[in-house]
Amino acid sequence: MPGWAEALVGPVPEVARRLLGARLHHGDVTVRITEVEAYDGPNDPASHAYRGSTARTEVMFGPPGHLYVYFSYGMHWCANVVTGEDGRGSAVLLRAGEVVAGIELARTRRGAKVPDVRLARGPANLAQSLGLDRSSNGLSLEDRLDLPAGVAASVLSGPRVGVSQAADVPWRFWLAGEPTVSAYRRSPRAPAGSR
DNA sequence: CTTTTGATCGTCT
DNA sequence: GACGATCAAAAGC
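Following my numbering, the numbering of the first sequence begins with 1290 at its first residue and continues without gaps.
Source of the hints: derived by calculation from the structure; they are not laboratory data. Glycine included, C-beta positions come from ideal geometry on N, C-alpha and C. Treat the hints with caution; some may be incorrect.
To be verified - Label-pair restraints from in silico Cβ distances:
1) Thr1397 to Glu1303: 30 to 40 Å
2) Gly1316 to Met1364: 16 to 26 Å
3) Gly1299 to Ala1401: 40 to 50 Å
4) Gly1292 to Met1364: 33 to 43 Å
5) Val1440 to Ala1344: 34 to 44 Å
6) Gln1454 to Ala1401: 30 to 40 Å
7) His1365 to Glu1431: 36 to 46 Å
8) Pro1334 to Glu1393: 20 to 30 Å
9) Gly1400 to Glu1303: 33 to 43 Å
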């Protein structure tokens, strides 16, 4: 593993927290990450990697510091940062962020009427603002990801969104008070639970 | 404001 | 053949 990716290896929830506040650049757009969701490879029933490596998930099982981009619901792209040691299969879904550069281009991609705080709110919206799609799957994040100096101060956590398995594992993390964080929605497929 | 519903297709069973 | 790590517009309050 290259040295720059060392911060992406460690306990899964800890790595997820380290990504909050990070800046991700792609082309002329930069997003400051405000909300993430962690998935822990074959151990995690909610993860795409739960059933092992497939054609879709093979980059999750590669070295950390690369993008795992998947096609969702027949119309959206969502982006993850591959984390953990090579072969582990863990990744962190980028759920929301603040567009801090290239806002004009992001608005062109998302729609002229979309308010700034909504440009990258939601994983598919974040990916669209950055212009990520199939062609970005497996992309190295070296020189594209700037991690913050320390762990963000006010991090909150709760159940993951949209998953029907292990929905109550509190591995969604977000920065307190950020207007770009998407409102929590439990999956309609998840069993009734504690929240 | 919240809830409901349609869009749309790759992936795995 | 069913389902899904989603979204936005429409409809309900």
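Hint-by-hint comparison with the structure:
1. Thr1397 to Glu1303: 30 to 40 Å: Taking Cβ atoms as reference, Thr1397 and Glu1303 lie about 37 Å apart, which means the hint holds.
2. Gly1316 to Met1364: 16 to 26 Å: At 22 Å between Cβs, range holds.
3. Gly1299 to Ala1401: 40 to 50 Å: holds, 41 Å
4. Gly1292 to Met1364: 33 to 43 Å: For Met1364 against Gly1292, whose Cβ atoms are near 38 Å apart, the range 33 to 43 Å holds.
5. Val1440 to Ala1344: 34 to 44 Å: holds, 35 Å
6. Gln1454 to Ala1401: 30 to 40 Å: holds, 38 Å
7. His1365 to Glu1431: 36 to 46 Å: violated, 26 Å
8. Pro1334 to Glu1393: 20 to 30 Å: Once the Cβ atoms are compared, 41 Å apart, the range 20 to 30 Å for Glu1393 and Pro1334 is violated.
9. Gly1400 to Glu1303: 33 to 43 Å: holds, 36 Å
In terms of the numbered hints stated before, the structure departs from hints 7, 8, listed from lowest to highest.
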